[in-house]
Amino acid sequence: MNPRLTFAWTLIFAALVAHQIYLWSGGLQVESDLLELLPRSERDELAESALRNLAASASKQVVVLVTGDDAPAEAKKFEAALKTEQLKPIPLPDSAGLQLLDALLPYRDRLLTKAQRERLATETPDAQATLAMQLLQQPMSQRLGDFRDDPLQLFPEFLRERAQTTKVRPVNGQLMAGDSVLLRYEVQGSAMALDGEPRLKTALDAAKAALSPKTEVSVGGVPLFAEAASVQANAEVSTVGFGSLAAIILIMWLAFRSPRPLILVVLSVVSGVAAGLSVCVLVFGKVHLMTLVFGASLVGVAEDYGIHYFASRQAQPRRERHELLQHLTPGLLLAMLTSVAGYVMLAITPMPGLRQVALFSATGLAAAFATVLAWFPFLDSGEVKQTRFATLWAGTRAKWPTLTGLKLVVTLLVVGAVATFGLLKLEPQDDVRGLQSSPPELLNAQRTIAERIGLPSPAQFFLVRGDNEGERLAREEALRARLDAFVSEKKLVGYDAVSQWVPSPAKQLENRAVTLGVRAAVLEKLKDELDEDVPAPLESKVLQVDTLLKTSIGAALKPLWLADANVVMLHAPSREALSEFATLEALPGVRFVDRTGDISSLMKRWRVGMTELLVAGYVIIFAALWWRFRSRAWRALLPTFIASAIALAVVGFLGEPFSLFHVLALWLLLAMGVDYGIFLLEHSEEQGEAWLAVGLGAVSTLLSFGLLAVSSTQAIHAFGVTLGVGITLVWLMSPLFVPLPEKK
Amino acid sequence: MNTALLLLALAAEPTLAEQVKAKLADKAVITGTFDQSKQVKGFKRPLKSSGTYEVKRGVGVTWKTLAPFASELTVSADQIRSTQDGAEVFALDAKTEPTVRVITQLLFSLLAGDLNALSSHFEATGSVTGKDWLIELKPKPGPLEKIFLRISLKGDSAVRSVHMQEQSGDATLISLTPN
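Those sequence lines, one after another, are chains A and C. Following this note's numbering, the numbering of the first sequence begins with 1 at its first residue and continues without gaps. Following this note's numbering, the numbering of the second sequence begins with 1 at its first residue and continues without gaps.
The set of hints was computed from the structure by calculation and includes no laboratory data. Some hints here could point you the wrong way.
Listing some non-contacts, in silico: residues in chain C with all C-beta distances to chain A over 10 Å [unchecked claim]:
1) Ala17
2) Ala22
3) Ala28
4) Thr52
5) Gly60
6) Gly86
7) Val89
8) Asn116
9) Lys131
10) Glu136
11) Ile147
12) Gly155
13) His163
14) Gly169
15) Ser175
16) Thr177
As a list, the in silico PhoX-like pairs of lysine-lysine whose alpha-carbon atoms are at most 25 Å apart [as the list claims (entries may be wrong)]:
17) C:Lys131 with C:Lys21
18) C:Lys140 with A:Lys76
19) A:Lys214 with A:Lys77
20) A:Lys167 with C:Lys146
21) A:Lys491 with C:Lys95
22) C:Lys23 with C:Lys131
23) C:Lys131 with C:Lys154
24) C:Lys154 with C:Lys64
25) C:Lys138 with C:Lys154
26) A:Lys167 with C:Lys95
27) C:Lys95 with A:Lys76
28) C:Lys48 with C:Lys23
29) A:Lys214 with C:Lys23
30) A:Lys77 with C:Lys95
31) A:Lys527 with C:Lys48
32) C:Lys146 with A:Lys541
33) C:Lys131 with C:Lys27
34) C:Lys48 with A:Lys525
35) C:Lys41 with A:Lys525
36) A:Lys286 with A:Lys60
37) C:Lys95 with A:Lys490
38) A:Lys525 with C:Lys44
39) A:Lys88 with A:Lys558
40) A:Lys527 with C:Lys138
Each residue gets a CB set at the ideal place from its N, CA and C atoms; glycine is no exception.
So that you can see chain C by itself, here it is in the shape it has in the complex:
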C-alpha cells in the first residue's frame, strides 16, 4: 500500500529533463558570446579562445572564434564544416560519414540544454534550485565513453556553462553569455 503510494508520488514528480526544460526560455534562436578555456595535458597554460555563437533550433550551430585565430565552425544536422578566412579546413558530411550526426546532435543538445536528446548517450543526474539548474552527464557504454569522463552543464533560462572532462586528461570549460 505504502509502496504504491510512493510510486504514485514518484510518477507525479516531473523528470529532471522536464524540470530543466521548464526553466529554459523557449527561444528558436539563441545568440551570445563565449569564452573557452581548454586545459590540455602537456601545455603550460590553458588555451583560451573567445567569440560568438548562434544556436538555431532545427537548423544548427554557428561557432565563430574571433581570438586567438579567427575561424568558423558551422554545424548542421548533416554536416560539420570548419573554415578559416573563408577557406575550408575540414568538412565532414553525414552522407558519407553517418556518425557525424552523433557529433552534431551532441553539440546542438549541449548548447540548447536538450536533456532528452542527451539521454540517449548519457546518464544524467542533477538538481534544480530556484531558477538555476545543474546537470552531470556520464557517458553510457559506447564510443563516447572512450572520449568523455563526464560533462557538467549549468544554466538558468539558458545554458551558462559546459564543462567537459576527457579521458585523455584534457578539460574544456566553455562559458556562455547569451544576448
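The following block holds chain A by itself, in its conformation from the complex:
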C-alpha cells in the first residue's frame, strides 16, 4: 500500500497513544450530569442560564429527610452513624433569621402581604383597635419594637407568611420541615464513581440501618443521581465492551485458529475506540458516561474491516497482500463512509449527547479503517491458514436460497403485511424519560423530599424581564396577580418570587400609605390610654433587592434574580395550569419556560423530521449504490429496508414506547446494513469469503448492539433493540437477493 499513509498513520497513532496515557493517568474527565445530554433550549439563552443556575446551586448537596415518631433524636443517630469522609455536614446558618429581621426591620412600613392588604382595606378602625389590645393581652405577645410603631404586628405576620415559602425551619439546632428533620451534606470532591462503587449510597444505607425500622429516611440530591448513573454506566460499559470483545475473540479464533489475525483485528478495534475517545475529549473537553456506554458498541462495529481483510486472505492465500488490500479498498471505503454518514445523522440533532456518540463512533470507524489500510499488509506476514469452521461457514452461502420471481413477490407481500401490523401498534412517546434513567427508589425519595420541604418544580418557571429593578418587580407583581387566580382555583399550590419579599417601589409606597393610615387610626382610637407624645412615623427608604440577597436567607433567592431577568418558580402546577400558562406571555416582559414540554415537543419534531428525512437517506444511499452497481443496486438496499420495517414492527409488538431514538437507530441500520450488501455485490466472484466476512462482522455487530438493549437508559435500549433485530435480519437476508455466480 501507500508507504506515506503508513508513515502518517504511525505518527498519528503515536500521538494517540501519548494522549491515551495522559487520559488514563487521571486526565480523563467524565461527565455524568444528565442535563448535559438534554438538548439546549432552542428559543432562549436566558432560560438556559436560569436552569443552569438552579442546577448549580444544588449540584453538590445531598439531603436526608428523617421522618418518624422521634425524628430529632433519630436524626442525631443518623448523623453519628454516617461514617464517610465524602459527606460533610452543612452547618446551620448562624442566626440567619435574626440577620434577615435586622435587614428588613428598617423597611417594615413598606412590607405587606396580599392577605394583609385585603384585610386592612375592609376592617374598621374600631375592630383594628380591639384586635391590637387583644394581641397585647396574650401571655406570649412579645413584640418587636414599640407598640405604637406597629400596633397590629403586621411586620411579624409578613415575615411569618414569607417563611411559609419553605417548610424548613431551624428548631433547637436542627432543620425541621413539619415533623421531619432535614440533614444537609456537601459532597467532598467528585461524586463520580468511575470504579463502579456506590460509595455514597453504601455509607448512607449503613447509617439508615442504624435507625429504628419505624423511622422513614428519604435520601436525595444530585450527587446520588450522578453516582447511580455512573455505577450503572460502569456496569453497562463493561457488559457491552467486554461482551463484544469476547465475541470477537471467539469468532476470530474459530475462523482463523491463529493469534495473528486475532491480535491485528483487536488492534484495529482498540485504535478505533482510543481515537474516538481522544477526539471526543479534544472537542468536548470531557466525555459523557452515555457516550462511553454507546461507544462500547463500537468494538463490534469497527472490527468489520479487519475481518474482511483476513477472510479474503484466507480465501486467496496465494495473492500478494498489498495487491489484495488494494482490491478490497473501494468496497471497504464505501462501507466505512456509509457507516460514518449514518453516525453523522445522529449529530445533526440538537442533542449534545448524540453529537458526542456520533463523533466518537465516526472517528472510531475511520481510525479502525486507517489501521487496516496502513498497517495490516506490513504486520501480517506469513500465511493465513484454512480452518474447518471458515470453510463450513463459507460453504453455507452456496446453500442459501435466492429469491426470484414469484417467490420474491410472495415473500415481500407476507413480510409487508406482518410489518404493517406491527407498525400500526407503535406508540410514540416523546418525553424526557427517554434520556434519563434513574433508579425508581431515588426518584421516589426525591419526590417525597420535594413534597415535604416544599420544593418548587425545577422544569417549569416564568422569566420576567424589565429595564430596571423597579420595572422587573412591577412586571413580576402583574404576573403574580394572574398566578394568584390559578392558586385560588387550586390549579397551582404556590410560587416563589423575589417581589414577594421586595415589593416594587410603587407597591412599597402603597403599602406605606396603608400601614401609616392603619397606625394613625388605631392610635387615634386608643388615644385615651396612650401617652400624649406619639413618636413620629418611621422614615424609610426604598427597599432594594440587594439588601435582601445579602442576608443568608435571602442568598437562597439568588437563582430567582438573574442579571437580566427574574425567575418565578412554581409549586405543583397542574397539567391544566401548564397548558394555560403560555397565555400569560401576553404580559409585558413575561415568558413561560416549560423544559419538559419543550424537550418533548422537540423530540417529537425530530422524530417526525428524521423519519421523513430517512426517505431522503434511502434515496441518497441508493444513488451512491447506483453509481457503483447500477441495476444491481437494489439488491444491496432491499434487505436493509425490510429489516428496518420488521425491527420497528418488533418494537410495536413488544409494546415499547416509540421514540426519536428508534428512528436514529434506523439511520445506523441503513448505514451499516448496506455494507453487507455492498460486500456481497462487490465480490460477486468470491461469494464464499465475502459471506464469511459479512457473517463474522454481522455476528459481532449484532452482539455489540444487542448488548445495548440491556441498558436501563431508554435511549440506548431503543438503539439496542432496533439494531440487534435489524442487523440480524439484514445479515440473514442479504444473500437472498444476490444470485450466486454461474458455475463455470
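We have chain A; now place chain C onto it with these hints.
Relative to the frame of chain A, chain C by itself:
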C-alpha cells in the same frame, strides 16, 4: 488534692434544676387563677387582665382571660390557637410552622417551672431558701435574645410569678394562684 475534693463536693451538690424540681409538687394537672399586669411603652397605665389557667403535663396549657376581654388561648405541643367567643383570632400550627414548638414549649416550661427544658434557651441562675425558690433566666444567643431581656420565676410547690422583661422596653408580670 484539694481541687479534687472540691470537684467532688460540687458534683455532689444537686443542680439548681434538681433542687427546684424537688420543691415543686409533682402534679399532672395544675389549675388556678392569674393576674397579669403588662407595662407597655407608650401606655399611660399598665394593662391589666385576669382569668384562669390550666397546665396539663404532656398535653398543654389553656389560658382563659375573663377580663377585660374574654378570650381563650390553647397551647398544645403542636398548635397555638386563640379564640374569642368561639371564633378563631389566630392559629399557628407546628406542621406548617415548626418554630411554634419553641413558643409552646417555652410557655409550658415557664408555667410548669421545668428548668431542664428552659435551659436549652436560657442561662439560669437562682437560689433556694426554705420552701421558696427564685430563678433568673437570661436568653442564650438566638432568636429569643431579640425579644427577652430576662425572665424571673418565683415559686414554692408551684410557680407563683413570671416576670418577663422585654427588649422593646415592655414588661409583663403574671401572678399565679394555684387552686
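Requested in this report: Check each numbered hint from earlier against the structure, then list the numbers of those it violates in ascending order.
Outcome: Hint check: 7, 11, 14, 28, 29 and 40 fail, others pass.
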